[in-house]
Amino acid sequence: MSVLRALGRILLVVVAGGFLAQALIVFAPGYSADERELDPGLSAETRQTMLQEKAKDRQLLGNYGRFLSGLARGELGTSRSLGRPVKELLEDRLPVTLLAIAKSVTLGWCLGFTLAVICFAYPGSPIETLGLVSTNLLLCLPAALMALLLLIWGDARGSAGVWVVALALTPRIFRYSYNLLRQSHESPHVLLAMAKGLGPIRILFHHVIPPIAGQLIALVGLSVSLGLSAAIPAEVVLDIPGIGQLAWQAALSRDLPLLVNLTFVVALIGTTANALSDYLLAETVPGQ
Amino acid sequence: MKLRRIIACLLIGLAVLLLGARWVAPHGYEQQFRDFIAASPTKEFPLGTDALGRDRLARLLYGSRLSLLLAPAAAAVSVFLAALIGGLAAFAGKRWERAILLATDLTLSLPWLFLILTIRGAMPLDVQPEISVLITFLVLGLLGWAGPARVVRAGVKKIIASDFVFQANAMGTPPRRIFFHYILPNVRPLLFAQFWISLPVFILSEANLGAMGLSVSEPMPSWGNLLRELESQTSALEHPLQNWWLLAPIVLLVGVVSLLQVWQQRPKGSL
Amino acid sequence: MSLILIPFLLAAAATPAELSASKILTGGELRFVLPSEPKTLHPLQVSDESGELIRYLTSGSLVRLNRVSQKIEPELAESWKLGDNGAQITFQLRKGLKYSDGSPFDSADVVFTIQKLLDKTMVSPAAESFRPETGTVEVKALGATTVVVKFPSHVAGVERLFSGLSILSSRSPKKEAVGLGPFVIAESKAGSFLRMTRNSNYWKKDSNGRQLPYLDGIRVEFQRNRDIELLRFQKGELDLVSNLEPEAFEKLKTNPAVTSLDLGTSLDATQLWFNQVPTAPIGAYKKEWFGSQAFRLAISESINRKDMARVVYHGFGVPAAGSISPSNIFWYANELKAQEFQPKAALARLQKEGFRLDGEQLKDKGGNLVEFTIVTNTGNKVRERLAAMIQADLRQMGIKVTVAALDFPSLIERIMRTFNYEACLLGVVNTDLDPSSQMNFWLSSGSSHAWNPNQKTPVTSWEADIDKWMRLQSKEIDPKKRKAAFDKVQVIAALQSPIIYLINKRTLGAASPRVKNLKPAILPPHMVWNIEEIYFAEGAGKVAK
Numbered sequence: 001m002s003v004l005r006a007l008g009r010i011l012l013v014v015v016a017g018g019f020l021a022q023a024l025i026v027f028a029p030g031y032s033a034d035e036r037e038l039d040p041g042l043s044a045e046t047r048q049t050m051l052q053e054k055a056k057d058r059q060l061l062g063n064y065g066r067f068l069s070g071l072a073r074g075e076l077g078t079s080r081s082l083g084r085p086v087k088e089l090l091e092d093r094l095p096v097t098l099l100a101i102a103k104s105v106t107l108g109w110c111l112g113f114t115l116a117v118i119c120f121a122y123p124g125s126p127i128e129t130l131g132l133v134s135t136n137l138l139l140c141l142p143a144a145l146m147a148l149l150l151l152i153w154g155d156a157r158g159s160a161g162v163w164v165v166a167l168a169l170t171p172r173i174f175r176y177s178y179n180l181l182r183q184s185h186e187s188p189h190v191l192l193a194m195a196k197g198l199g200p201i202r203i204l205f206h207h208v209i210p211p212i213a214g215q216l217i218a219l220v221g222l223s224v225s226l227g228l229s230a231a232i233p234a235e236v237v238l239d240i241p242g243i244g245q246l247a248w249q250a251a252l253s254r255d256l257p258l259l260v261n262l263t264f265v266v267a268l269i270g271t272t273a274n275a276l277s278d279y280l281l282a283e284t285v286p287g288q
Numbered sequence: 001m002k003l004r005r006i007i008a009c010l011l012i013g014l015a016v017l018l019l020g021a022r023w024v025a026p027h028g029y030e031q032q033f034r035d036f037i038a039a040s041p042t043k044e045f046p047l048g049t050d051a052l053g054r055d056r057l058a059r060l061l062y063g064s065r066l067s068l069l070l071a072p073a074a075a076a077v078s079v080f081l082a083a084l085i086g087g088l089a090a091f092a093g094k095r096w097e098r099a100i101l102l103a104t105d106l107t108l109s110l111p112w113l114f115l116i117l118t119i120r121g122a123m124p125l126d127v128q129p130e131i132s133v134l135i136t137f138l139v140l141g142l143l144g145w146a147g148p149a150r151v152v153r154a155g156v157k158k159i160i161a162s163d164f165v166f167q168a169n170a171m172g173t174p175p176r177r178i179f180f181h182y183i184l185p186n187v188r189p190l191l192f193a194q195f196w197i198s199l200p201v202f203i204l205s206e207a208n209l210g211a212m213g214l215s216v217s218e219p220m221p222s223w224g225n226l227l228r229e230l231e232s233q234t235s236a237l238e239h240p241l242q243n244w245w246l247l248a249p250i251v252l253l254v255g256v257v258s259l260l261q262v263w264q265q266r267p268k269g270s271l
Numbered sequence: 001m002s003l004i005l006i007p008f009l010l011a012a013a014a015t016p017a018e019l020s021a022s023k024i025l026t027g028g029e030l031r032f033v034l035p036s037e038p039k040t041l042h043p044l045q046v047s048d049e050s051g052e053l054i055r056y057l058t059s060g061s062l063v064r065l066n067r068v069s070q071k072i073e074p075e076l077a078e079s080w081k082l083g084d085n086g087a088q089i090t091f092q093l094r095k096g097l098k099y100s101d102g103s104p105f106d107s108a109d110v111v112f113t114i115q116k117l118l119d120k121t122m123v124s125p126a127a128e129s130f131r132p133e134t135g136t137v138e139v140k141a142l143g144a145t146t147v148v149v150k151f152p153s154h155v156a157g158v159e160r161l162f163s164g165l166s167i168l169s170s171r172s173p174k175k176e177a178v179g180l181g182p183f184v185i186a187e188s189k190a191g192s193f194l195r196m197t198r199n200s201n202y203w204k205k206d207s208n209g210r211q212l213p214y215l216d217g218i219r220v221e222f223q224r225n226r227d228i229e230l231l232r233f234q235k236g237e238l239d240l241v242s243n244l245e246p247e248a249f250e251k252l253k254t255n256p257a258v259t260s261l262d263l264g265t266s267l268d269a270t271q272l273w274f275n276q277v278p279t280a281p282i283g284a285y286k287k288e289w290f291g292s293q294a295f296r297l298a299i300s301e302s303i304n305r306k307d308m309a310r311v312v313y314h315g316f317g318v319p320a321a322g323s324i325s326p327s328n329i330f331w332y333a334n335e336l337k338a339q340e341f342q343p344k345a346a347l348a349r350l351q352k353e354g355f356r357l358d359g360e361q362l363k364d365k366g367g368n369l370v371e372f373t374i375v376t377n378t379g380n381k382v383r384e385r386l387a388a389m390i391q392a393d394l395r396q397m398g399i400k401v402t403v404a405a406l407d408f409p410s411l412i413e414r415i416m417r418t419f420n421y422e423a424c425l426l427g428v429v430n431t432d433l434d435p436s437s438q439m440n441f442w443l444s445s446g447s448s449h450a451w452n453p454n455q456k457t458p459v460t461s462w463e464a465d466i467d468k469w470m471r472l473q474s475k476e477i478d479p480k481k482r483k484a485a486f487d488k489v490q491v492i493a494a495l496q497s498p499i500i501y502l503i504n505k506r507t508l509g510a511a512s513p514r515v516k517n518l519k520p521a522i523l524p525p526h527m528v529w530n531i532e533e534i535y536f537a538e539g540a541g542k543v544a545k
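Residue numbers (the numbering used here), protein chains in the order written: chain A, 1 to 288; chain B, 1 to 271; chain C, 1 to 545.
Think of the hints as simulated: they come from the structure by calculation, not from any bench.
Model, not experiment: these values are computed from the prediction.
There may be inaccurate statements among the hints.
Stated by the list, open to error - EDC-like mimics (lysine to aspartate or glutamate), calculated; alpha carbons at most 16 Å apart, straight line:
hint, chain 1, residue 1, chain 2, residue 2
1, C, Lys400, B, Glu30
2, C, Lys39, A, Glu35
3, C, Lys39, A, Glu88
4, C, Lys400, B, Asp126
5, C, Lys480, C, Asp434
6, C, Lys235, B, Glu238
7, C, Lys381, B, Glu231
8, C, Lys400, C, Asp358
9, C, Lys98, C, Glu75
10, C, Lys286, B, Asp126
11, C, Lys475, C, Asp434
12, C, Lys120, A, Glu45
13, C, Lys306, B, Asp35
14, C, Lys475, C, Glu133
15, C, Lys140, C, Asp106
16, C, Lys516, C, Asp206
17, C, Lys251, B, Glu238
18, C, Lys189, A, Asp92
19, C, Lys189, A, Glu88
20, C, Lys189, A, Glu91
21, C, Lys120, C, Glu138
As the list claims (entries may be wrong) - Which bits of chain C does chain B cover? Going by a derived footprint, with three or more residues having C-beta under 8 Å, they are:
hint, segment
22, 219-233
23, 373-382
24, 386-395
25, 403-416
Glycine is no exception: its CB is placed at the ideal position from the N, C-alpha and C atoms.
Put together the whole structure using the sequences plus the hints.
Here's what the structure looks like:
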């Protein structure tokens, strides 16, 4: 039952998200414009056709209905700016981004959580300060700057994308887990365990982490959404052919069919990750 | 105790410096010295000049002012919303919870870029930069709650399941009191985490929205667009020590955020 | 802004082959990046810069514009002649040519291509340029090697239309995937790269009878970020960079491991114009300023173009005099001079019109503060800096300028549809030397008539004059008479300044020293227009990184 409910929720988010996205896009300024119009060679006839086509898109409900029924038949439509079927574009690019995000989230957790545990283990020491300052530095670096630095210092362009996203996630994961660890550490049962003279590793894994497991799990779900949004600038700057780059191109050319489909994909990934983490939360935290 | 005091002095000193930018910086942020393009630091220009011959020190001081005032406010707004909405999701019953989770998932999936373009389109072209920045940060604050709300909800659920809330319930404490007195204080670490993440992220986002036409425009500087200027300074990145003055915005931002954090984190009396 | 530039240009362009043909080594893969992926690879449908370059490298056309001499030269057609008062062109084709898949080339292919282009369902810049306003174009083959194309009326400079037209194969089963160009597409990964290999059936041979092209292949990657492109070029991962920003060029100039190339003043101009649309949603008093010749001239005089060239372009730009760059050797009107910086004259001009300085602020005769907003597109550093300089210059005049940077679609919507703007700063890219391609821009009825498009009848008498001269130049056959008519247009435009021309930037590029026989030109594709003759110093030998 709960699985069905989760699926229902995912579906609802995806369908409603697609519709709202369509409305946002169509009514945003610049929707009726086309870069090709600047070309003085364009004939009046072509101009008129372009304008009419865009005006039709303002009939939101009808369009969305048609789009959904097409989707039910497995048709995703054709990208207007690239002139290729959306299905093909997604097939090309989705694996690239998904793989990169999986790597980045793992890497981000390895870095962020380890750093949090280290800083937590040495409160008030220079190590802690170093951890704080370095994660702040990561937060303050624009994605493009980070990408450039990675290219200047490193050589591999392929892995730079994974690193940019991972390094964007690291400070966020660090901040949350570090604050949670500290809070948990101050709770009575941990103080008791310390008074009993238990070893630090035992205290960490048996007394500090379990009470905050639920929040950490919610954070894992969230980090997928965060990773997705960090992937857009990373892919744009480094020109990685994933869906982040595609989304940016689609936004710049107001490519409606492509944008709605991409909203679907983003909603699907984000919501599924969150639903999974909700499920884990219910399993690990009693009383849910 | 000592550390907190030192940090407080530093921050106050910086605030004075920023507020007194007019007297500290020898030139206006918009004044172009066209014979001193991209100059290295001199007595006249302590941090050198930018591509149009404008005093980098003046631009940094003026640019930091608005950002340093508005970014924390926006971060606070998003944290407040996250606490309220996340708390409500955990606290107000299954139906609310489902509705709120739906709303968070939707908020995390929508292409907000287009809303921002619509807002820009609705404002007059010659809108005052201050108002434009204010709106930018407001938008950031209002859109930033969804992710953290999920984490807050998980935290609140844990607290609700804990013994002391159970006791409070048994003693007949009204729900509102339980929410504000027992639950919110216990998710504080989460909220602070969110706040410290949002602060620099919003400062950067402001510059990204600037790329969409929202936010400040020429000749006004903002911390965000000073940071983004670095993106094209590859020589500064390759040889940071020879070009240290170009890195001033980032050093200042990391410094300020870190100082504020340490100040908040050390409870009074410790150390 | 004088003749001095032109000899310089020619000198820069005429890079001699450094080695005699026998010493030329073949092989190797040329690598460079394009800012975006081509939207389509169909040669007749390309609409963007990247697609145009790929088309150029992989297909053949009847004639080719020599990018250095700016003259049309024979290519697939050995010769051609005009007839019927310039309404008809007859091509004599080369014999024995083969497409990349081995299928033969003859007049049937040319007829097939042109008919395909004229099909109403074909929407592309190439097709648009072939469609006359009235009547139809006819094409027929006279035997295997002669093709006649008949237009309903005279077309000015008709042969240039064919220099951008890729000839498709009418017989090959692979359709538009085969071409007559020096290279064929071998592999492509969407959004990432495209690899081309040499066309072993390419028809051109060098003076020693060696088959061209010399290179084995070309690898084009799609990369928007120019800083990363530059970084990779300096690391030796790329062989060429073109369209460099002045700042980047200056940096490369100091690098001894790089050949930096200043190709000369480009055809592109950055320009500022005021909205003169009568129905525009802006204040009536502002419309009155923008419609006033004196106001426009005064703004033009208040802008310090020399400072712009020096500060923003680091000296790699020249003050612009009009829509035609001095590099457009034939069409540039020599009597034009770029506007000098004359703030005092500007103020006097404004005062004559009833404007006055009130303290530090300029007011019009109705007492309104003189202030306006310049819209421009975001993400273009050079343009944003130009806007800031205009702002500073006009502040000296007591005029308050606000700069609003908008994303491109929003900007286009404002300047072409809602007309909700006051002034606009944009760069215009010119790829065609002939003013016929600018008809839609100059005619008052044109949809690209930037300051007040789609007029039913000309609003001003000077616009009526421009219409008259533009129509005349398009009907005239004698190039000298066409030039005289278009000179009039340029002079009127300078006098009235509906568009304030600011800077013609220089076309800048750089290459790895191992790339030989480059004949870089201001016209696209700047560095690789003679791709078939380009070779590597070490041939197919490994590149030392």
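Going through the hints against the structure:
no.	hint	verdict
1	C:Lys400 to B:Glu30	13 Å, holds
2	C:Lys39 to A:Glu35	13 Å, holds
3	C:Lys39 to A:Glu88	14 Å, holds
4	C:Lys400 to B:Asp126	11 Å, holds
5	C:Lys480 to C:Asp434	13 Å, holds
6	C:Lys235 to B:Glu238	13 Å, holds
7	C:Lys381 to B:Glu231	12 Å, holds
8	C:Lys400 to C:Asp358	13 Å, holds
9	C:Lys98 to C:Glu75	14 Å, holds
10	C:Lys286 to B:Asp126	14 Å, holds
11	C:Lys475 to C:Asp434	14 Å, holds
12	C:Lys120 to A:Glu45	11 Å, holds
13	C:Lys306 to B:Asp35	12 Å, holds
14	C:Lys475 to C:Glu133	13 Å, holds
15	C:Lys140 to C:Asp106	12 Å, holds
16	C:Lys516 to C:Asp206	15 Å, holds
17	C:Lys251 to B:Glu238	13 Å, holds
18	C:Lys189 to A:Asp92	9 Å, holds
19	C:Lys189 to A:Glu88	12 Å, holds
20	C:Lys189 to A:Glu91	12 Å, holds
21	C:Lys120 to C:Glu138	14 Å, holds
22	219-233	holds (count 3)
23	373-382	holds (count 5)
24	386-395	holds (count 5)
25	403-416	holds (count 6)
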